[in-house]
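On the provided structure of chain A, position chain B as indicated by the hints.
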Amino acid sequence: QKEVEQNSGPLSVPEGAIASLNCTYSDRGSQSFFWYRQYSGKSPELIMSIYSNGDKEDGRFTAQLNKASQYVSLLIRDSQPSDSATYLCAVAAGGTSYGKLTFGQGTILTVHP
Amino acid sequence: DTGVSQNPRHKITKRGQNVTFRCDPISEHNRLYWYRQTLGQGPEFLTYFQNEAQLEKSRLLSDRFSAERPKGSFSTLEIQRTEQGDSAMYLCASSPRGGARTDTQYFGPGTRLTVL
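Just so you know, the sequences run in chain order A and B.
Position 58 of the first sequence, counted from 1, bears residue number 58 in our numbering, the numbering being contiguous throughout.
To get our numbering, take the position in the second sequence, counting from 1, and add 113.
Here chain A stands alone, though its shape is the one from the complex:
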């Protein structure tokens, strides 16, 4: 079992729709959770961080965390063609390894006009 798994893509949604991206993780000691967006040939850029169970909203983006189910998701409302990218889920462990991020393989999102 991979440490961080994301739903297999690619995911294609029409402009204006809600895109839902999912991620599960195996380490119950994980403390911090991040979503990064990566355009082709570019480096990852942070979209959201979430540390506590529940929802966290920032503009069109909502991150959801359920530590009991070891599940984190990202919703993108009113999707735009400019949202087309690879979305990376990253999980940070607690304890002495808290400097290390473990990434999922990424989900490719395409928003078509």
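Hint data in this document are derived by calculation from the structure and do not stem from the laboratory.
Hints may be right or wrong, so weigh each one.
For lysine to any residue, the following SDA-like pairs were computed, each having C-alpha atoms within a straight-line distance of at most 25 Å [as the list claims (entries may be wrong)]:
hint, chain 1, residue 1, chain 2, residue 2
1, A, K42, B, L152
2, A, K42, B, D176
3, A, K42, B, T115
4, A, K42, B, T217
5, B, K124, A, G41
6, B, K170, A, R28
7, A, K42, B, G153
8, B, K170, A, S32
Just chain B now, kept in the frame of chain A:
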């Protein structure tokens, strides 16, 4: 621009050669991280520093790889006797502080290594 910078942006080398990459973190960030990313995969952790101390190294970091951060500012990643399997994007990230909760890591543009 005060973001993370990396040099060079691209490096093409022949198998067996040594290469060195440099990363300059965001000013006053005391944590610095190196990751490697291959096509279609997420970044894989290699190592990280808090100030000048190297606190963790991945099993991926074979003895051909060495990283330094001598004065707690910029860092270098050296790969000796490069192999074709080393071809990847090498990403550097920094974060502002340590502590019990991981702070956000900000990534540089990466160095793309191609080993012929």
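Hints, one by one, checked against the model:
no. : hint           : verdict
1   : A:K42 - B:L152 : holds, 12 Å
2   : A:K42 - B:D176 : violated, 28 Å
3   : A:K42 - B:T115 : holds, 18 Å
4   : A:K42 - B:T217 : holds, 18 Å
5   : B:K124 - A:G41 : holds, 15 Å
6   : B:K170 - A:R28 : holds, 22 Å
7   : A:K42 - B:G153 : holds, 13 Å
8   : B:K170 - A:S32 : holds, 20 Å
Going down the numbered hints, you'll see the structure goes against just number 2.
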